[in-house]
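Residue numbers (our numbering), protein chains in the order written: chain W, 3 to 441; chain L, 23 to 440; chain H, 66 to 284.
The set of hints was computed from the structure by calculation and includes no laboratory data. Be careful, since some hints might not be right.
[Stated by the list, open to error] Straight-line C-alpha distance at most 20 Å; calculated EDC-like pairs for lysine to aspartate or glutamate:
(1) K210(H) to D413(W)
(2) K137(W) to E405(L)
(3) K425(W) to D413(W)
(4) K92(L) to E257(W)
(5) K339(W) to E301(W)
Since the model is a prediction, treat every value here as computed from it, not as a measurement.
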Amino acid sequence: MSILDRKIEDPELKRATEGLSADRIEQVINSVLQGEAGARLKAYAETCMRCGMCAPACHYCVSHDMDPSYSPVGKVEQTMGLILRKHGRLTPDEVYGMAQLAYTECNLCRRCVHYCPIGIDTGYIISTVRRICHKLGVTPLYIQDTAHSHSATMNQMWVKEDEWVDSLQWQEDEARDEFPGLRIPLDVEGADIFYSVIAPEPKFRTQLIYQAAAIMKHVGADWTMPSTPGWDNSDMCMFTGDFEMMGRLKRSHFEAAQKLKVRRIVMGECGHAFRSVYDVGNRWLGWKNHPIPIVHSVEYFWELFNEGKIKLTGKYEEPVTIHDPCNIIRGRGLMDKLREVTHHLCSEVIEMSPTREHNYCCAAGGGVINCGPPFKGVRLEGNRIKADQLRATGVKTVVAPCHNCHGGLEDIIHHYQLGIQTKFLGDLIYELMEKPELE
Amino acid sequence: MQLSESWDWEKGERVVTESLAPMPEHKWQEEIHVSPDGETAAAIVCIDDGEFGLRMNDTVHDNTFDKAWKPGFTPDGRFCALVQQDEEWTLAENGEPWDERYGFMWSPLFSSEGGAVATAVQQDMAYGMSVNGVAWDTLFENANGFALSDNGKRTAAVVQTRSIGQADLISFREGVFTVAVDGEAWESTFMNAWDPVFSPYAHRVAAQVRLSLYDYTVAVDGTPWPIHFQCTWEPCFHPNSSAVVAPVRQGGKWGIAEDGNMLWKPVFFNCWHLQYAPDGSRLYAIVAPEYGKFTVAQDERAWNVLAPVVTELTVSPDGSRAAALGNHDNKAWHVMVDGKVWHGRYDMAWKPVFSADSRSVGCRVSSNGKYAVVVNDNTVGGEFDKAWDPAFSPDGSKVLIRGMRNNALLRIVADVPR
Amino acid sequence: MNAFYNFATGPLAWAAFAVFIGGSVYRIWSMIQLAKQKEAAFISYMSLPHALRSIVRWLIPFGTLGWKENPSITLATFLFHICLFVLLIFTPAHEVLWSYAFGFTFPVIPEVLADTLTLVVIGACCFFVHRRLTNIQVRYVTTGKDWLALGIATAPFITGFLASQQFADGQIMTLLHVLCGEAMLVAIPFTRLSHALFQPLTRAYIASEFGAVRHVQDW
Ligand code: SF4
Ligand code: SF4
Numbered sequence: 003m004s005i006l007d008r009k010i011e012d013p014e015l016k017r018a019t020e021g022l023s024a025d026r027i028e029q030v031i032n033s034v035l036q037g038e039a040g041a042r043l044k045a046y047a048e049t050c051m052r053c054g055m056c057a058p059a060c061h062y063c064v065s066h067d068m069d070p071s072y073s074p075v076g077k078v079e080q081t082m083g084l085i086l087r088k089h090g091r092l093t094p095d096e097v098y099g100m101a102q103l104a105y106t107e108c109n110l111c112r113r114c115v116h117y118c119p120i121g122i123d124t125g126y127i128i129s130t131v132r133r134i135c136h137k138l139g140v141t142p143l144y145i146q147d148t149a150h151s152h153s154a155t156m157n158q159m160w161v162k163e164d165e166w167v168d169s170l171q172w173q174e175d176e177a178r179d180e181f182p183g184l185r186i187p188l189d190v191e192g193a194d195i196f197y198s199v200i201a202p203e204p205k206f207r208t209q210l211i212y213q214a215a216a217i218m219k220h221v222g223a224d225w226t227m228p229s230t231p232g233w234d235n236s237d238m239c240m241f242t243g244d245f246e247m248m249g250r251l252k253r254s255h256f257e258a259a260q261k262l263k264v265r266r267i268v269m270g271e272c273g274h275a276f277r278s279v280y281d282v283g284n285r286w287l288g289w290k291n292h293p294i295p296i297v298h299s300v301e302y303f304w305e306l307f308n309e310g311k312i313k314l315t316g317k318y319e320e321p322v323t324i325h326d327p328c329n330i331i332r333g334r335g336l337m338d339k340l341r342e343v344t345h346h347l348c349s350e351v352i353e354m355s356p357t358r359e360h361n362y363c364c365a366a367g368g369g370v371i372n373c374g375p376p377f378k379g380v381r382l383e384g385n386r387i388k389a390d391q392l393r394a395t396g397v398k399t400v401v402a403p404c405h406n407c408h409g410g411l412e413d414i415i416h417h418y419q420l421g422i423q424t425k426f427l428g429d430l431i432y433e434l435m436e437k438p439e440l441e
Numbered sequence: 023m024q025l026s027e028s029w030d031w032e033k034g035e036r037v038v039t040e041s042l043a044p045m046p047e048h049k050w051q052e053e054i055h056v057s058p059d060g061e062t063a064a065a066i067v068c069i070d071d072g073e074f075g076l077r078m079n080d081t082v083h084d085n086t087f088d089k090a091w092k093p094g095f096t097p098d099g100r101f102c103a104l105v106q107q108d109e110e111w112t113l114a115e116n117g118e119p120w121d122e123r124y125g126f127m128w129s130p131l132f133s134s135e136g137g138a139v140a141t142a143v144q145q146d147m148a149y150g151m152s153v154n155g156v157a158w159d160t161l162f163e164n165a166n167g168f169a170l171s172d173n174g175k176r177t178a179a180v181v182q183t184r185s186i187g188q189a190d191l192i193s194f195r196e197g198v199f200t201v202a203v204d205g206e207a208w209e210s211t212f213m214n215a216w217d218p219v220f221s222p223y224a225h226r227v228a229a230q231v232r233l234s235l236y237d238y239t240v241a242v243d244g245t246p247w248p249i250h251f252q253c254t255w256e257p258c259f260h261p262n263s264s265a266v267v268a269p270v271r272q273g274g275k276w277g278i279a280e281d282g283n284m285l286w287k288p289v290f291f292n293c294w295h296l297q298y299a300p301d302g303s304r305l306y307a308i309v310a311p312e313y314g315k316f317t318v319a320q321d322e323r324a325w326n327v328l329a330p331v332v333t334e335l336t337v338s339p340d341g342s343r344a345a346a347l348g349n350h351d352n353k354a355w356h357v358m359v360d361g362k363v364w365h366g367r368y369d370m371a372w373k374p375v376f377s378a379d380s381r382s383v384g385c386r387v388s389s390n391g392k393y394a395v396v397v398n399d400n401t402v403g404g405e406f407d408k409a410w411d412p413a414f415s416p417d418g419s420k421v422l423i424r425g426m427r428n429n430a431l432l433r434i435v436a437d438v439p440r
Numbered sequence: 066m067n068a069f070y071n072f073a074t075g076p077l078a079w080a081a082f083a084v085f086i087g088g089s090v091y092r093i094w095s096m097i098q099l100a101k102q103k104e105a106a107f108i109s110y111m112s113l114p115h116a117l118r119s120i121v122r123w124l125i126p127f128g129t130l131g132w133k134e135n136p137s138i139t140l141a142t143f144l145f146h147i148c149l150f151v152l153l154i155f156t157p158a159h160e161v162l163w164s165y166a167f168g169f170t171f172p173v174i175p176e177v178l179a180d181t182l183t184l185v186v187i188g189a190c191c192f193f194v195h196r197r198l199t200n201i202q203v204r205y206v207t208t209g210k211d212w213l214a215l216g217i218a219t220a221p222f223i224t225g226f227l228a229s230q231q232f233a234d235g236q237i238m239t240l241l242h243v244l245c246g247e248a249m250l251v252a253i254p255f256t257r258l259s260h261a262l263f264q265p266l267t268r269a270y271i272a273s274e275f276g277a278v279r280h281v282q283d284w
């Protein structure tokens, strides 16, 4: 089996590869390899022992009965391996396959790092393949559209500037009925917290903004949200391989916060955005660390519980399980804090196996879910193991503090008919916290 | 003439308003803003559910609004806020709403003397700008990157010239974005355009444009430079020649191009926030000579004080001096002036301010929740619960400190420490 | 014959060491130069404590997720590498050469043990061969380079064992053993065996990223 045996029709991949000549492919690939790739790629390509130890790491491979074309090294072999073997002289068809594989069959979840004795970061290699695909102009339709949106509006969903502010004011209005005096303070200079979200929140999930505002009110936080571009912390350009745009987006996000002179950025429950802000986008801009402290919601909630600021009326009685989002667990080590917060909120937590930093990815991350409907099946078939993991816990609620994980898990739950509901920590806190008595 | 000439420069401390505490009859009071001359403190107050007023010192204006946000003072001291009445938005100046109403209004911009107030507007889902309430003749599918020239005469924004369908990559590639100046779009369109900037007398406009997914350059009055780069940041006009400079990325490193040709070699890990001396004799920028280490460079020469983060580059009026803020690993901010680091370390610091004679630098700072103003590395006026940026007298001998203690707005004029 | 043997254990051995050391230094140096030139950013994240922590961890059999989930290859890998180093240094015949070359002596392991360990290594190599042929994961990605590396790594042990058993003409076998050993040394910097040089670097890098930046273990 190889990627070319399972090609999926994507209008943009088709259009883009049709226009490619072998010379152009070769020239673009080699310019990226010579101009941008360096010691890591060289060392990885040379020292990978082809031992196959990474195969059981990958949910795609495990879910496809250990089909070797889905193993991390098997995927590298069909992409970067192919490039190096053929010195960049790929056929358009091979480029199609390479793009499909890189964008939809690897979540850049880095689980395989825990398996490789050499320490090879397959996610990095696949990112480099994506960078090449971007340079060739070969990217799946839907994710490319989000990249365009990012470039034109500095947010992922073509949200216009008035729509953004209007959504916040609308949520503020709504929430005032339940929490008199509640504010979503806009552009407050010198606030302690700059709260940033991803564009799907104002677009589809305004309830999350409502909840965040309610929690901020409950704990008496000194916080603000920007009315200006930079409010969206998401970043699909990082995943398409458009690193120049990634840099622009992260600059806009960080400078929006710097301009407001806030002490730190607290981000909503999103994983990929955290990755982009925490240790990817900042690097492209020359900042070794993020130029403002970055706190993911999980960590912020953990702080709030530790300081005794959240008053609950009770605990969530049904048993829950915890899904560890790659980008904040393998990407930031928040597994203990996530557990502590969940235990504060829920009476019974049944762990999945494996769990914590060894947890399987949701298969939506790394931009895969953003490649849209054509590739939904790739995620579902490619993550049977997650369905098995979830089913084995026997619970009916899974806590997942990440947007992509929600999307991915919900699809899996539906497809495998697990009858489980997904919850953000914010959902649970909002549900369980003491609320004002309304007359 | 400087606006500050008419201000009260008599030395001493004066209580402007005894108490800015929220008034008991109000549900809440929002953040306090203080006029540049320090004579007025203002805030949005919530009078009742869905009823907002504008408080200035001890009085609340009679006009009330369904919503109010984005309060701020113009440089000449008028208190502005965006307000909504009957589902329509306008701007209220000192409590008086403009006659013009729009579907939405945001991003107020003030000219340097305060005469012009521009905003972004949306009317019937068409987008553009207004100046003193009057909208552009043509509104567009979308607009962002709003700019008002210093002299308040012209406005510019990035606009989308036609609507494109969902996931319409083809139209996007053909280019549906450009810059509109005073509502008139440039003839050429681009894949992207960002951040238009005006020349000093607002005769010309430059913006970054992306011609393909990979080709970035600068367009001046609609014409892109013939040379393209891996990336660019916002351009900057030479004050008294026709030249335009912009940070550009080449071979993975940043330098500065002038009219498309390299002016500073691309050797930096980043290079941005360009600023000319007002006479054009010097060019300053924030640069990263090493990975993760930033500083200020003047004419391609970097200062040798490096910090992981450098912001708020400010050039003195005579162009000979520069100041900026540095931060070490998100722990403490410090002020850097002419390549030297001041002693103080702060939780937060604001953009440095130069005196008109370029001899003094002042900076608002905060630590442990308290605010102070530091002038030439000395704290002036003591600690405050809140403070605003300092301002210098026209002759540069005195400094005005605006601060709040125990809810009282204080106005302190002191000698500049040297 | 004797002259050639002397040549093989004398000048040729020194030459092999020279190529090995020189080649290794060059490879590592040029890799670091490349990293400095193109990936300066990434070098700056190197953290020695995290690197060491991870390297030690990965030196413990079954100490990491990867080792635990692949028990047979783990066993074979550890046996292979441990025996390799023990045999390389502590075999009586090697000790003679070491002391001849560097002028100091140290205790050795009994011949029988040496033979047993050699058989263990050969067994491990057989397992590697078997696995490359039968495990679909591995077969899918196996290339000529992998067979070459395996061949080079196995040959000294087979010849060494045969030599110690005085197989055929013991002297020829010994000579072959010496030549194979030297071939392996020379091959280290230039084949897949270069993992011996680069693994500490790749491990150190990813360990630093995981440990120091992302605050999570990489095992
Ligand atoms: S999806 Fe995760 S485990 Fe699989 S290859 Fe990609 S990074 Fe490795
Ligand atoms: S575990 Fe590492 S060395 Fe082995 S095949 Fe996978 S990537 Fe290569």
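Between K210(H) and D413(W), does the CA-CA distance stay at or below 20 Å? violated (42 Å)
20 Å Cα cutoff - pair K92(L), E257(W): Cα-Cα ~18 Å, so holds.
Next pair to validate is K425(W) with D413(W); report whether the Cα-Cα distance is within 20 Å. The hint holds at about 14 Å.
Need the status of pair K137(W), E405(L): alpha-carbon distance at most 20 Å? violated (55 Å)
Would the pair K339(W) and E301(W) pass a check requiring their Cα atoms to be no farther apart than 20 Å? holds (6 Å)
Hints 1, 2 from the earlier list are contradicted by this structure; the remaining hints agree with it.
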